[in-house]
Amino acid sequence: MPRPSHAERPVIFLPPRWNIKRGLNGDFLFKGVTVLFAISILGILLLMAVSMYRQSLPSIHTSGWSFIPGKEWDPVGGTFGALPYIYGSLVSSLLSLALATPLSIATALFITEVANRRVGGMIAALVELLAAIPSVIYGLWGVLVMAPWLQRTVEPFLNDHLGFLPFFSGPPYGVSMLAAVLILMIMIVPIITSITKEVLLAIPDSQREAAVALGATRWEMIRMAVLPYGRSGILGAVILGLGRAIGETMAVTMVIGNTPKISLSLLDPAYTMPSVIANEFAEASSDLHAAALMEIGLLLLVVTLIINSLARLLLWGVNRPTGGQA
Amino acid sequence: MISYRLRRKLLNLLMTLGMLTATLLVLTPLGLIFFHILKMGFSSINLDFFTQIPKPPGEAGGGMANGIVGSGLLIATASLIGLPLGIFGAVYLSEYGSSRFSSLIRFSADVLSGIPSIITGMVVYGLLVVPMKGFSALAGALALALIMLPIVLRTTEEQLKMVPMTLREASLALGVPLWRTTLKVTLKSALKGIITGVLLAVARVAGETAPLLFTALGNMFWSHKLNEPIAALPLQIFNFAISPYDDWHRLAWGGALVLVTLMFTLSLLARWFGRTR
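Line order of the protein sequences matches chains H and X.
Quick note, the first sequence lines up with residues 9 to 334 if you use my numbering.
Quick note, the second sequence lines up with residues 34 to 310 if you use my numbering.
Simulated from the structure, these hints should not be mistaken for lab results.
Given the structure is predicted, the values throughout are model-derived calculations rather than measurements.
C-beta atoms are modelled at their ideal positions from N, C-alpha and C, and glycine is treated no differently.
Accuracy of the hints is not assured; some may be wrong.
Computed beta-carbon distance windows for the label pairs [stated by the list, open to error]:
#, chain 1, residue 1, chain 2, residue 2, range
1, H, 124, X, 276, 40 to 50 Å
2, X, 46, H, 55, 14 to 24 Å
3, H, 174, X, 259, 30 to 40 Å
4, H, 139, X, 308, 12 to 22 Å
5, H, 220, X, 209, 27 to 37 Å
6, H, 291, X, 209, 49 to 59 Å
7, X, 47, H, 55, 35 to 45 Å
8, H, 294, X, 71, 11 to 21 Å
9, X, 198, H, 44, 18 to 28 Å
10, X, 304, H, 124, 15 to 25 Å
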């Protein structure tokens with residue numbers, strides 16, 4: 009995204025703010041309104057953090073630090089430990105990120121470095137389309153098409169051939185950690201791809217020309233000139249993808265099986281932090297239950313705030329030289 | 034022994050093929066999802082789908098009319114809240130802001146757009162649902178507005194920045210006050226681009242489900258009141274997809290087709306507005 013510097017902007021001399029004869033000055037009022045609206049963004053962000061914190065206070069006081077390593081989640085008995093959800097969120101998002109990253113970078117490279125402008129533009133448009141599909145539709149497809157396919161074909165196959173590994177043991181349920189990882193991968197690939205594409209397009213052609221002039225093949229040019237130059241931007245894109253994967257709610261809730269169990273096997277159902285909120289919050293059995301879910305939300309908020317700030321800082325310096333159309 | 038030269042060429046070929054394969058792999062799910070939505074969606078869409086409310090489980094037929102109307106109402110209300118905030122916030126960033134404070138606002142907007150939408154739902158639950166003692170369409174609309182806000186803000190700002198400074202200067206030189214210049218010249222010149230951003234924001238929130246779970250809640254019947262739970266298309270798709278009934282699955286596919294068609298239309302419109310600038 010282009011960020012024109014403010015130095016180019018000429019100084020506009022405003023008329024005096026108060027005019028005794030006419031009362032309030034229109035410019036002053038208008039500016040006031042826009043300032044207020046702009047500040048509201050900052051206000052909303054702070055309000056979100058404060059409101060989540062205040063509503064999770066009962067749980068923070070009751071469970072203390074044992075909330076995070078606790079494995080027991082018993083709304084009736086009043087014991088709340090979030091570990092199964094934290095585990096599920098970490099495993100599903102990190103695995104999907106590990107699968108999505110090479111695919112996305114390769115696709116972005118194909119769009120910018122290999123395909124001609126027309127084909128590249130078409131693929132980029134299709135990728136944007138993939139990014140625009142709502143997550144509930146990914147979930148619908150995941151639970152009614154992909155999960156049955158996994159249950160009938162993929163999971164028995166994995167179990168037969170790799171069942172000696174703890175990661176592929178157990179009966180095939182269809183709805184499982186594996187399903188969540190795959191659906192998350194499909195969902196974050198377009199995000200990482202389109203941002204990586206922007207990063208790659210921002211790399212000056214002189215970098216590429218220098219490598220090619222030295223006799224490099226296309227791959228050598230990518231490895232020596234393109235990737236090193238875009239490194240921090242691509243890292244930002246990947247971290248942004250991680251933020252999306254951790255916060256993704258609907259599609260994961262629909263395919264992960266919603267069982268708060270810590271299991272090494274990818275074929276077993278699991279649970280994630282956003283999923284437990286989605287499933288239990290509207291029907292929380294007690295105030296403490298609701299507060300415990302709020303605390304999970306608070307953890308999620310803190311984690312995504314850190315991840316997103318990091319990603320934005322890494323992407324801050326990326327400026328596309330020509331600007332304009334994305 | 035392969036010569037060094039040949040090895041480099043082979044590696045280049047291999048990597049190019051790898052990139053092509055990755056691209057095809059990435060696009061495969063898109064094709065599969067569209068295939069299934071079209072196949073299952075068209076077979077379940079008829080006039081009833083757009084005029085009836087869902088039937089109880091076990092009964093065939095019924096439609097999602099209440100969800101479609103509910104979604105429309107939610108989006109309209111959300112736009113009323115979110116658009117002015119986003120557009121005038123962007124006016125501040127592009128026309129007035131000092132660069133450090135603007136950067137802070139911009140950064141907040143970027144961070145806000147990365148917050149999981151279910152958290153937005155929880156916050157609005159605390160802000161509106163608890164004090165009003167009940168789930169309501171208004172709460173759902175507020176949650177959607179909070180998601181629209183950063184998108185509208187950032188796209189509008191980009192568009193305002195592209196308006197040439199000379200246009201503003203010409204207007205100011207004619208003695209038009211800055212605020213009128215902003216409204217009548219700057220915003221007007223950037224109008225098409227702003228509409229593009231608004232359409233994209235609407236397309237984004239039209240499919241949002243998570244923030245509506247504890248705000249609008251959903252409703253199996255007709256409702257058009259802002260202070261009562263209201264049905265929404267994505268919520269209905271979610272509830273029907275995870276139900277065990279085939280008839281409801283069919284409705285969910287129909288809903289998915291309607292939703293995807295809507296997003297398609299919106300993004301095509303956005304592209305059209307974006308192009309004829």
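Taking the hints in turn, this is what the structure says about them:
no.: 1; hint: 124(H) with 276(X): 40 to 50 Å; in the structure: holds (47 Å)
no.: 2; hint: 46(X) with 55(H): 14 to 24 Å; in the structure: violated (56 Å)
no.: 3; hint: 174(H) with 259(X): 30 to 40 Å; in the structure: violated (53 Å)
no.: 4; hint: 139(H) with 308(X): 12 to 22 Å; in the structure: holds (20 Å)
no.: 5; hint: 220(H) with 209(X): 27 to 37 Å; in the structure: violated (53 Å)
no.: 6; hint: 291(H) with 209(X): 49 to 59 Å; in the structure: holds (57 Å)
no.: 7; hint: 47(X) with 55(H): 35 to 45 Å; in the structure: violated (53 Å)
no.: 8; hint: 294(H) with 71(X): 11 to 21 Å; in the structure: violated (46 Å)
no.: 9; hint: 198(X) with 44(H): 18 to 28 Å; in the structure: holds (25 Å)
no.: 10; hint: 304(X) with 124(H): 15 to 25 Å; in the structure: holds (21 Å)
When the structure is compared with the earlier hints, violations turn up for hints 2, 3, 5, 7 and 8 and for no others.
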